[in-house]
Each structure stands twice: as structure tokens, then as C-alpha cells.
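J.: What follows is each chain in one-letter form.
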Amino acid sequence: MEKLNPINSPLGTPDAAAVNRADQRDQLYADRKKVYPRRVYGQFRMIKWVVMALTLSVYYLLPWIRFDRGPGVPDQAFLIDFPTRKAYFFGLEIWAQEVYYATGLLILAALGLFLTTSAIGRAWCGYACPQTVWTDLFVHIERWIQGDRNQRMKLDKSPWGVKKLLLKVSTHLAWLVVAALTGGAFVFYFGDAPTLAKQFLTGTAPLTSYLFAGGLTFSTYLLGGIAREQVCIYMCPWPRIQGALVDENTLLVSYDKKRGEPRGSLKAAAAGEVLGDCIDCKQCVAVCPTGIDIRDGFQLECIQCALCVDACNGVMDKIDRPRNLIRYAPEEHVTKKGTGLIFRARTFIYMGLIVLVGGIMLASLIVRADLDVNIIKDRNPLFVRLSSGDVRNGYVIRLMNKQHADRPLTIRASGLKGLTLRSTDHAEGKELQVSLPPDDSAAFKVFAVLPAEAIGEGVLTSGKGEITFEIVDMDGHVISRQNAPFNGPRS
Amino acid sequence: MSDKHEKDIDQISGVETTGHEWDGIKELNNPLPKWWLYTFYATILFAIGYTIVYPSWPFPSGDGWTYVKGTADYAQRTDVAEEIGAVKAEQAKYVDEIRSADFAAITANDELHDFALQGGKAAFGDNCAGCHGSGAQGFTGFPNLNDDDWLWGGTIDAIYTTIQHGIRSETDPETRLSDMPRFLADGILDRDGVLDVTEYVLSLSGKAEDEARVARGAVIYEEQCVACHMEGGAGSHDLGAPKLSDAIWLYGGDRAAVYETVAYARRGVMPAWAGRLDEATIKQLALYVYSLGGGEAAPVESMESR
Ligand code: SF4
Ligand code: SF4
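Top line first, the protein sequences correspond to chains A and V.
Under the numbering used here, think of the first position of the first sequence as 2, with each following residue one higher.
Under the numbering used here, think of the first position of the second sequence as 261, with each following residue one higher.
Only chain A is shown next, with the shape it has when bound in the complex (with noise of 0.2 Å):
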């Protein structure tokens, strides 16, 4: 700022300033102005109820789809359930220790996005996400109740009375009884949901279920019905990362100024003026769930769900101008750089990359063996000699039995000359048999023993040597093979 020169004069300082007037205070905070979105018919608008109706319906409904596992399993199609620590869908059975399937599952998801938004821009956002799914129902309830955009900002400018309050105490009833469907939906992916249900109204249900319940009634309410945008746009850290996700070439909501500028009234243009094809009805500003106006280019606020593209085409349908002055566009209109093309190298790396990870996942899938072993050495002491100068190693061998029926399996080990085993309880020979309960882990103290003998023959050089263990099933094929060291004193 400039510095004052103070002038004194006998009359006062006619030059002071009031650099804080209250209408040139810079505003720190700002309060929300409520957005009033306008109903629109279109295509897009289509699309949009298409996903609606879709995620809805499967996240209410798959909790409820059965799919039969055999006696004992839970038939719940999807189902984590925690005590078991294992969840299900449909044929798959994940448990605890293989959670990388949900990385995997995570990646694939972050790829998803990377892949759409560098194609089409935040597609996600504008059709898929949760809050704009449920944002989206909710301003309906809200229309459905209190009427379209003119008669939402009447009502809110109206004094309160008893048809307002009316209107407003039932458009929030409706929400409520919404939002604790979508909490209530939400426990029934970790329990059995008939039962959960029955257990839910008789007020029987576990404690969590309740609070979770509750507190997700909560969410979506606040969320869907109260914060809406305020989300999108200040709380989301998507719209934040979009910016390194597009670029010239993607796709993107955008309007056409070259066509559109100078816009103008109808009216206008009647009286001669040479105007563009916006003839500034401000429906596409009427729409917009973010309260934006897309004339203003591409912003960080908009959720591009091309609700404008609909609006502004039904306008130009009407006046019979060629449709898409608002459309889904390069960035042409500003650098004439952008081709528009969804394949092109950067989406072809992001497809690549969601093969190559959906390959992994799939190929370990299919490879996934039903028995898993994990064999522990005994490290203290490392080796232990008899008195009859064999050496013996002991060895914890974890077998988890993911097979829904009781398993009989034998133990085995080779690899040195003369090694036999032992268990506890002084079973000997050259394999031990095991049962495994059913979907069940159990772990199995093995000793292996080396003879004298072998020693003496120099078996073992220099102290060290490797065994092989194998689990063997009732019918004699080889279910896992597995190397373990094995110690012995110097020689």
C-alpha cells in the first residue's frame, strides 16, 4: 500500500482513510448460498437415473441375494464377517491374511478412476460417487415435496407458516427415513441379514450394528441433504487431484465460446445486434447442482454432470439452433491442441496397467490353494543332540485348512539320508499323520532327526542343510512342498 503523508492541518486530515470500511474488508469467511437446482430432461439426465436406479438397487439388495456354501457356511451371497475374520462373495472366500485382495481390488479402483477422468473427466463424479448418487435423491425428495427450483426459493423467502413449516418438517422427515434405509442397509454386509433384521426391530441386534446404523444415518443426512456441494467442493480431495489427471486431450463439459459469444437476448438479436448462440437464459445456471456457471470455463467445483448439456440442448432445440453449445469437448475451444481421442497413450498406459494388475489378482486367484502351510524352525537352540549322537531339529508347522470338511493330511520330510520324524507324543517314522479341523488353522510341533551316522558320513557340511517337507492328502497327491534349513553341529 502507499504510504500516507500525513498533512496536519487545524481543520482535521482530510486524506485519512478508513482502510477498514466495512464494505472494503476483505471477507474471510463466507456463508453458503443455498443452490436451488432446476429439474432438466435429457440424455444425460437419463444416464443419470440409469445409475441411480443401478447403485441403489445393489447396494440395498446384495446383502439380501443367498448363494449356497454347503452345511455350516454362512449362505449370505456378499458377507464380511468379522468374527470368522472371512469374507464372501459369491464362490470367493477371502480370509483375514489375504486382505491383498482388497489392495489389489483398491488399485484396480484408483486405475478406474485414473483411466475415466484422464478419458472423460470426473465421470466418477458426476454419475457414480455416493454423495452425488445421494445428493442427487435427495434434492428429488426435495422437489417432489416442495415443488421445483421457483417454488423451493418462494418457499424459503416466504415467512415461516404453518404450510412451510409443513413442507420443510416433511422433506426432512423424508430424508431421515432415507438416510436410516442407506444406515440400516449398510449392516447387513456383516451379518446374516434376515436375521440381523429380525434382531434389528426387536431390538435385539449387537451394539455396533445400532451405532453404526446410526451414525451413517447421520452421515447421509448431513451429506445428502444439508452439505451437498459444500462436499464436492471443500471437503473431497478428488477434485484437488483431477487437475493432474486431465488434459488438453480429455474430454471435459465445456462450453463453446466461439459459437456461444457474444451472447445475448433474443430480443437483442431481433434489434440487430450480431450476437453468438447463448442467448443467456442462464438455464444451464439454473441446473447446476454446484451452483456454477460453465460459461465461466472449467472449474474446480464442477462435478461435470453435464446437467448443463441437457438444459442448454432443450433450449436450443426450442429455438431451433444446432444442439451442443454446451457438450463434452477437448480443450480446442481454448488451445485448438486438444484431440478428444479416449485412446491415446496415456489412456492406453492406465488400460495397460489395469491388465496387468487385474491379471495378477486373476492368475492368483485361480492359483490359490485351498491348504496353506507355513513352517517355522526352531531357532533356540538351533539344534538340539541326542544321546545316541543324532540331531535332532524341531520345526512349528501352521496348516490352515480352508476346505468347509475335516482333512487328514501327512507330514513328510526328505532330503537328508536317514532323516526321519517325530512328533509329540513319540509317534516316529518317516511321516507323521495330521487332522485338520475344518475351516480352521492348526500348527503341529515336528522334530526332524538326523542319525549319527549321517554325521559322521559328513552329511551335513559345515553344520548346514536343507530338508524338504511334504503335505501330503489321503489319496497320496502332493499338496504343497516346502524347503527348511536344518542344523547341525560343525564337522
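Hints were generated in silico from the structure; no laboratory data involved.
Be aware that one or more of the hints could be misleading.
Stated by the list, open to error - Result set (BS3-like, lysine-lysine): computed pairs, CA atoms no more than 25 Å apart in a straight line:
| hint | chain 1 | residue 1 | chain 2 | residue 2 |
| --- | --- | --- | --- | --- |
| 1 | V | K294 | A | K158 |
| 2 | A | K34 | V | K294 |
| 3 | A | K199 | A | K34 |
Treat the numbers as computed from the prediction; the structure is a model and nothing was measured.
Let chain A serve as the given structure and place chain V with the ligands on it in line with the hints.
T.: Showing chain V with the ligands alone in chain A's frame:
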């Protein structure tokens, strides 16, 4: 000269700046939403409320520091004590059962057996590892409990008795007791005699070098040693007399160590644990030591084993 506070608008974003500038970088004044501000105030209020309800501000008092206790009278220490109490109560069921059941019954019950082994392992670390080593691998003079060589017997019951009463314990009248004579120091044998016996003992595991001494030693062994160490050095669990013909030597199996043993005797001690540890813990210890892999099967059990 202008007295007007010019609003400085950033060209690119069209957003007003705060007027602050650093090296040409200006700060945009994007206003925060009001609800965000109120949420912030709410968190401050919450924090103040928290310090009233929960333990918070430290302040010096007398000889040290103390803190505001809070109206809820909450302390994590009490939580921990409660949790430990709950776990102890939960364990009591197993501990009681271990105390009253016999070893066969405990081993037959997998859950109980597992509990006992875990408890025994913990108790071993606390009480026994000092001498026997954390892996029970032993040291010179302190037996390795993993192997199959036992001075006083390696059945569960024998191990249990040893732990209860100790070895050469001065406090327990029922302790395991035997004393080897100090053949040289007590004047029973002369130096040559000791060397002869040493050579004979070495011959039992094929390490002798002097046949003449072995022959003389055998005669002395027959007179002096055989009562405890038995024919051929087979040893005796009843007397705690080690087997002399195997590969395991508590004090070393070379000529010097064996000579030392014969001449001056060895007298390892182990405390009696009855009275120091409760019955259930001793039983768990016996089961744990037995499980290390060198335990001797009781005769009946070995017939049943697969
Ligand atoms: S900005 Fe975030 S919350 Fe909003 S629609 Fe996009 S992803 Fe969803
Ligand atoms: S500007 Fe258009 S695409 Fe963007 S949020 Fe508004 S209506 Fe949707």
C-alpha cells in the same frame, strides 16, 4: 494520492488477493465457508470440555508434578487393572482345572494343554531361563532340557517331582539327593587310580587310548562306581547318576573334564519350587519342559502312540 483501499484482483483466477506479497507471490483470498469456522469453534469447545471431564493440565505440587484429575475420575491405569483382572478371571477356569486334573487328563484336552504349554513357557522364561537358557538349551553344568538324556528321569511325573522338590535343595527334605564321592580329594583313590577310572569311562564311548589303564580302571569301576552308574555306565535315574556311555556330557566329556569329575565330584543344585510357585504353575512347567521334545514316554503311553 489515493486513500482508497484498492481491491487487488488476481488476473488468472479472478480472485481477490489478501494484499500480502512475497517475492511476487500473492495470497489469494478464497473465503472459508462459515460452517467450517463454526466447526472449528466447536472443536475448541470440545477440547475445553474434554480438559474438564478427563485428566488434563499438569501442575507442580509438593515434591513433584500432579495433574487435574477431571470430573469423570478416569484413568487408563484403572482400565488396565480391570482388563488384567478380567483376563485373570478368564484364566482362572483353566488354572483351576490344571491344578485338579492329572497329567493324562490335561494332555488329552487340547485346549487345556495349549494353555498349559503357553503358561509353562512364560513361567520358564521367568524362573528357569536364568540357568537353563531361554530355549532350555542348557550350559555346562546346567542340563539341556531339549535332549533325551535325563539325570533324574524324563517322564512327566519325574520332571514334575524334580521341579517340585529340586535337586540337593537345602530347604526341601524330599529333595532329589545323591552325592558322588570326591575320589581324589577324599583320599579314596590316588592320582593314578583316578586316571585309570577316567580312561575306563572314556572307553565306554570309544574314546580310550591306553588299554592298560582301561583294564585297571575297569576293576576300580567295578568296586567304586557300579553301584550308582550301573554296569557299562548305563546310569540310574533313581540315583541321579548320569549315563556314561552316551554322547551327552553335562560337564564335558574330554579327558580333563572327566578326570576333574572323578577327582573332585560334581554337585549341581536346583531349588525346590514347591512353595515358591503354586501347584498349577509347576504343573504347567512340567508339561512345557516335557513338550520340548526329549521327554520320555511313560511305558503305557508309548504302547499307545502311533
Ligand atoms: S467431488 Fe468428491 S464427493 Fe463430489 S462428486 Fe466428486 S468424488 Fe464425489
Ligand atoms: S457446470 Fe454443468 S457439468 Fe458442471 S456441475 Fe454444473 S451442471 Fe454439472
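J.: Of the numbered hints stated earlier in the document, which are not met by this structure?
T.: 3
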